[in-house]
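Residue numbers (this note's numbering), protein chains in the order written: chain A, 218 to 502; chain B, 218 to 502; chain C, 7 to 270; chain D, 7 to 270.
Hint data in this document are derived by calculation from the structure and do not stem from the laboratory.
Each residue gets a CB set at the ideal place from its N, CA and C atoms; glycine is no exception.
Take the hints with a grain of salt, since some may be wrong.
What the hints assert, rightly or not - The calculated lysine-lysine pairs, modelled on PhoX-like cross-linking and capped at a C-alpha distance of 25 Å, are: (1) A:K284 with A:K350; (2) C:K128 with A:K388; (3) A:K350 with D:K185; (4) D:K128 with D:K198; (5) D:K25 with B:K220; (6) D:K25 with B:K387; (7) B:K350 with C:K161; (8) D:K128 with A:K350; (9) C:K25 with A:K220; (10) C:K128 with C:K161; (11) C:K128 with B:K284; (12) C:K185 with A:K408; (13) B:K350 with C:K128; (14) A:K220 with A:K350; (15) D:K229 with D:K185; (16) B:K408 with D:K256; (17) A:K285 with D:K128; (18) C:K25 with A:K387.
Said to hold, decoys possible - Chain D regions said to be covered by chain A (calculated; three or more residues, Cβ under 8 Å): (19) 58-65; (20) 139-149.
Unchecked claim - With the C-beta cut set under 10 Å, the calculated list includes, among others, these residues of chain B facing chain A: (21) S333; (22) I339; (23) R341; (24) I358; (25) A369; (26) V370; (27) I397; (28) V417; (29) V418; (30) F421; (31) A470.
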Amino acid sequence: MVKFLPLQKAVAENLRDGDTVAFEGFTHLIPTAAAHEAIRQGFRGLTLIRMTPDLIYDQMIGMGMAKKIVFSYVGNPGVGLLRRARDAIENGWPNTIEVEEHSHAGMANAYEAGASGLPCAIFRGYRGAELAKVNPNIKSIACPFTGEILAAVPSVRPDVTFIHAQKADKKGNVLVEGIIGIQKEAVLAAKRAVVTVEEVVSDFDDLHPNLTILPHWTITAISVVPGGSHPSYAHGYYARDNAAYLEWDEIAADRERFCAWMQENVIEASPDDFAARVAGLRNAA
Amino acid sequence: MVKFLPLQKAVAENLRDGDTVAFEGFTHLIPTAAAHEAIRQGFRGLTLIRMTPDLIYDQMIGMGMAKKIVFSYVGNPGVGLLRRARDAIENGWPNTIEVEEHSHAGMANAYEAGASGLPCAIFRGYRGAELAKVNPNIKSIACPFTGEILAAVPSVRPDVTFIHAQKADKKGNVLVEGIIGIQKEAVLAAKRAVVTVEEVVSDFDDLHPNLTILPHWTITAISVVPGGSHPSYAHGYYARDNAAYLEWDEIAADRERFCAWMQENVIEASPDDFAARVAGLRNAA
Amino acid sequence: MSSFSPNEMMTIAASRALKNEDVCFVGIGAPSAACNVARLTHAPDITLIYESGTIGTAPDVLPLSIGDGELCDTAVTTVSVPEMFRYWLQGGRVTIGFLGAAQLDKFGNINTTVIGDYANPKTRLPGGGGAPEIAISSGEIYITMAQSKRGMVEKIDFFTSFGHGEGGDHRQRLGIDTKGPTLLITDLAIWKPDEITKEFTVVLLHPGVTREQVQESCGWTVKFAEEMDTTPAPTERELKTLRDLQARTKAAHEGAGEGKAAYR
Amino acid sequence: MSSFSPNEMMTIAASRALKNEDVCFVGIGAPSAACNVARLTHAPDITLIYESGTIGTAPDVLPLSIGDGELCDTAVTTVSVPEMFRYWLQGGRVTIGFLGAAQLDKFGNINTTVIGDYANPKTRLPGGGGAPEIAISSGEIYITMAQSKRGMVEKIDFFTSFGHGEGGDHRQRLGIDTKGPTLLITDLAIWKPDEITKEFTVVLLHPGVTREQVQESCGWTVKFAEEMDTTPAPTERELKTLRDLQARTKAAHEGAGEGKAAYR
Numbered sequence: 218m219v220k221f222l223p224l225q226k227a228v229a230e231n232l233r234d235g236d237t238v239a240f241e242g243f244t245h246l247i248p249t250a251a252a253h254e255a256i257r258q259g260f261r262g263l264t265l266i267r268m269t270p271d272l273i274y275d276q277m278i279g280m281g282m283a284k285k286i287v288f289s290y291v292g293n294p295g296v297g298l299l300r301r302a303r304d305a306i307e308n309g310w311p312n313t314i315e316v317e318e319h320s321h322a323g324m325a326n327a328y329e330a331g332a333s334g335l336p337c338a339i340f341r342g343y344r345g346a347e348l349a350k351v352n353p354n355i356k357s358i359a360c361p362f363t364g365e366i367l368a369a370v371p372s373v374r375p376d377v378t379f380i381h382a383q384k385a386d387k388k389g390n391v392l393v394e395g396i397i398g399i400q401k402e403a404v405l406a407a408k409r410a411v412v413t414v415e416e417v418v419s420d421f422d423d424l425h426p427n428l429t430i431l432p433h434w435t436i437t438a439i440s441v442v443p444g445g446s447h448p449s450y451a452h453g454y455y456a457r458d459n460a461a462y463l464e465w466d467e468i469a470a471d472r473e474r475f476c477a478w479m480q481e482n483v484i485e486a487s488p489d490d491f492a493a494r495v496a497g498l499r500n501a502a
Numbered sequence: 218m219v220k221f222l223p224l225q226k227a228v229a230e231n232l233r234d235g236d237t238v239a240f241e242g243f244t245h246l247i248p249t250a251a252a253h254e255a256i257r258q259g260f261r262g263l264t265l266i267r268m269t270p271d272l273i274y275d276q277m278i279g280m281g282m283a284k285k286i287v288f289s290y291v292g293n294p295g296v297g298l299l300r301r302a303r304d305a306i307e308n309g310w311p312n313t314i315e316v317e318e319h320s321h322a323g324m325a326n327a328y329e330a331g332a333s334g335l336p337c338a339i340f341r342g343y344r345g346a347e348l349a350k351v352n353p354n355i356k357s358i359a360c361p362f363t364g365e366i367l368a369a370v371p372s373v374r375p376d377v378t379f380i381h382a383q384k385a386d387k388k389g390n391v392l393v394e395g396i397i398g399i400q401k402e403a404v405l406a407a408k409r410a411v412v413t414v415e416e417v418v419s420d421f422d423d424l425h426p427n428l429t430i431l432p433h434w435t436i437t438a439i440s441v442v443p444g445g446s447h448p449s450y451a452h453g454y455y456a457r458d459n460a461a462y463l464e465w466d467e468i469a470a471d472r473e474r475f476c477a478w479m480q481e482n483v484i485e486a487s488p489d490d491f492a493a494r495v496a497g498l499r500n501a502a
Numbered sequence: 007m008s009s010f011s012p013n014e015m016m017t018i019a020a021s022r023a024l025k026n027e028d029v030c031f032v033g034i035g036a037p038s039a040a041c042n043v044a045r046l047t048h049a050p051d052i053t054l055i056y057e058s059g060t061i062g063t064a065p066d067v068l069p070l071s072i073g074d075g076e077l078c079d080t081a082v083t084t085v086s087v088p089e090m091f092r093y094w095l096q097g098g099r100v101t102i103g104f105l106g107a108a109q110l111d112k113f114g115n116i117n118t119t120v121i122g123d124y125a126n127p128k129t130r131l132p133g134g135g136g137a138p139e140i141a142i143s144s145g146e147i148y149i150t151m152a153q154s155k156r157g158m159v160e161k162i163d164f165f166t167s168f169g170h171g172e173g174g175d176h177r178q179r180l181g182i183d184t185k186g187p188t189l190l191i192t193d194l195a196i197w198k199p200d201e202i203t204k205e206f207t208v209v210l211l212h213p214g215v216t217r218e219q220v221q222e223s224c225g226w227t228v229k230f231a232e233e234m235d236t237t238p239a240p241t242e243r244e245l246k247t248l249r250d251l252q253a254r255t256k257a258a259h260e261g262a263g264e265g266k267a268a269y270r
Numbered sequence: 007m008s009s010f011s012p013n014e015m016m017t018i019a020a021s022r023a024l025k026n027e028d029v030c031f032v033g034i035g036a037p038s039a040a041c042n043v044a045r046l047t048h049a050p051d052i053t054l055i056y057e058s059g060t061i062g063t064a065p066d067v068l069p070l071s072i073g074d075g076e077l078c079d080t081a082v083t084t085v086s087v088p089e090m091f092r093y094w095l096q097g098g099r100v101t102i103g104f105l106g107a108a109q110l111d112k113f114g115n116i117n118t119t120v121i122g123d124y125a126n127p128k129t130r131l132p133g134g135g136g137a138p139e140i141a142i143s144s145g146e147i148y149i150t151m152a153q154s155k156r157g158m159v160e161k162i163d164f165f166t167s168f169g170h171g172e173g174g175d176h177r178q179r180l181g182i183d184t185k186g187p188t189l190l191i192t193d194l195a196i197w198k199p200d201e202i203t204k205e206f207t208v209v210l211l212h213p214g215v216t217r218e219q220v221q222e223s224c225g226w227t228v229k230f231a232e233e234m235d236t237t238p239a240p241t242e243r244e245l246k247t248l249r250d251l252q253a254r255t256k257a258a259h260e261g262a263g264e265g266k267a268a269y270r
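Same shape as in the complex, but just chain A (with noise of 0.2 Å):
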């Protein structure tokens, strides 16, 4: 039974140190609050999914969080690189990690695989590409009938999954809307979903029935974070805040300065703080 909670509790009741997790949001609806909330709670050896991990990971790199990172794209979109990703790779700061890569359409078949109950995901991908040769994940079947060699990756099935979406229903049920990316594979594919949302509205009865809903029975907690998503953005909230996706290429490009940001804006700050972050965006949603 989904339960609503502050952010707090549902954190720390589903999230637990050595956890495989996803905090998903293809640009559009990330966890941004769930996520600090995680770095809050300092849980330490954990594997992060991700097909884009952003500046989120990033954070959660820097402060030592992970053991492993499984992912497609370790970028600042369109800004360029995630230096505290890069610092960790590269040189082993705060820690080494393990780094699993794949491509968006393996990712994205990964987390199909997931949401489908199935072990694996078969598809066209990676001719011709090293990646299918650095990562042992990657391995082929040839079609029963063809004889196609297709790739094929393992699903990805998540201890927990965070996402953030626009609305919930008072029994639960779950709204995402916009750009739907991989958000209801991820939850889907976990065995706990944890969904930080913008507003709770008593039913869902004027909505257009094939709109993306995550009924009630397939999560296990619900926050209201007004803003919870920040610096991304919620369609229909509020709009994307690109300057702090530029200001974030610097300041994560010292170590020092990265701990400084960390400890003013997540360490010392609460999910309370994200409703006036976005203030100024909701003009521009």
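Fit chains B, C and D to the supplied structure of chain A, relying on the hints for placement.
Relative to the frame of chain A, chains B, C and D by itself:
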């Protein structure tokens, strides 16, 4: 480039004797008008693919157009058996037909693989089920990571798919809503796609971004046929003519009555007759 | 207490087996009636899924097909058919798969494909539809059917969907890790599989039904539980709910076209 | 004629290669600018697809990321990421995949993964994202990048996405039946692969550019076509369209938060 054509022309330009063809619609939005036009034009030797070959395939089989059917449920949904299909399979009347039978999961995965450009689909299916013994197109593969044995079926790739949809915009983008079934996959899996629609609107600008829209460059021809799904229904336009499904059970029970009904309601009818058939069903929608 | 028919008893007994928390994949016919009676009585929050893609439906009348418009109108969400079979059924989200049968054997194996030989059938039935995978991917399977010697047979003509096979641990031996048939509700009795052999065993007789009646309308030698009780008769509320539902359904299915198919 | 920068020439030359009927899978950066200039000039009906799931977008400003809100606001439809890669890219619906590169070799092979050794990289780049499958499933591939000896190298450090491999029929030998890189647009020239060897060959020099400049900023020995012409200079309309787009974009990206990230 998509063309807006009268149905007679759209069918004549896109269907050929011997084609592998899908007239799809999962209970909702069944392309009856297109099937009746194909019957009037008298095609032969067709391989008819459909998850739920209901009345229209019963009619096409009874009229001697089918060489083979590929399906997962050959019934009159909620009513019982399909008597023309039975007569062909059991007695070879009016001709013998080949049967390739799958489960719904098998067919749905096969269409999905067809839309995905893959030669085959894998899924957890048919365990202990005898279909796998009588259909050589059901094989298996071992997951290269866990060793689990999964079912494999070849993808469905029709020469041409016919569907009925609610509306097109002037550019030829097509909207399907409500019970969306397998229509998107059936169109994307096919070499050519013909869509009958209830109406054409100027644009889709006011639609929710996550609806099921087939862009105009995925469609070969569009024909405007109000009521073209009768006795199935078009969500938002008219209700299902359940009485017609019940009545079909009697009509199809007898070869002569079937032939007379087809002569009167199909051979001597036209696409324009569909609007009147749904007139009494519009209030119930 | 009103009098009630064996079919009404069957539907109501089946409805009682469903819990508020269940996610139920609903077959058409008796399963659909039972699931909706459960929803309208003791299990208002039960999630009903029809294979047309409608999740969490609450129809006011029973659908004639699995894809009637009202299923979509009242659903929490409506998804594509591939998604239905991949994410929701195969993904392990369904707690109860509710099936009917044309032929059933004592191990819960079901035939809805052919009577006679597959290649040269005496009667070509509609086939499996969703059943082959409902049978292996749902947490457990409930079966409901009216008893008859033609329907309940020693040996089914075709294994459309797998129950307990030859009994015992046959499911596990085929790599199927769900429970399979755990309940059979007929118009005469309630049956559960023996813990070891997995053979269906009568555990409750419906009011007024004798052991002999059960045996006479069953094609295999029936096993009865040592301690057998009587199914509680339908309550007024249950009966009224079912009859109102069926009356609304009848009116609706005859209604729109004034009971007449709309051709010229 | 206004004066123009090499980067402007590159973007405009790239935009000209796109047709009204194309379905283009757009990478961020120079490809995105070129695709939108094409849409705003000679190819108003071009279909632009971004990997975030937005199909048929027509943004008024260039997105900073591949998932900015405006891509969805202006799209014909927005689908999930798995559907994007399965139905639309792998399904063979994309005519042109438009990629940038950190490192490129003369056969159109691209590296955006690492500089140095994969296990112990000198520089860890973002990685492939959608590129490995864009490179094999799109009908053909256009590449655009500013020339530099660091970027255009004899041997790339990592094959992120496959171009023509070692040249010749290497694609076919790997079972790849799409055309691969058919066009390279740099800030100095336009290149096409040799029909047989598949080595990129300069076919047009941008106005005022010399062969020597092209060679000096390229890490391999450049082949020039026997008959070489000059790229037509940007028209006023093209330049104005690009500059207006970039001005709108700059304002928008700095705008919402008054140019300042919103933390306390």
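Index of numbered hints that the structure contradicts, given in increasing order: 2, 4, 14, 16, 28, 29, 30, 31
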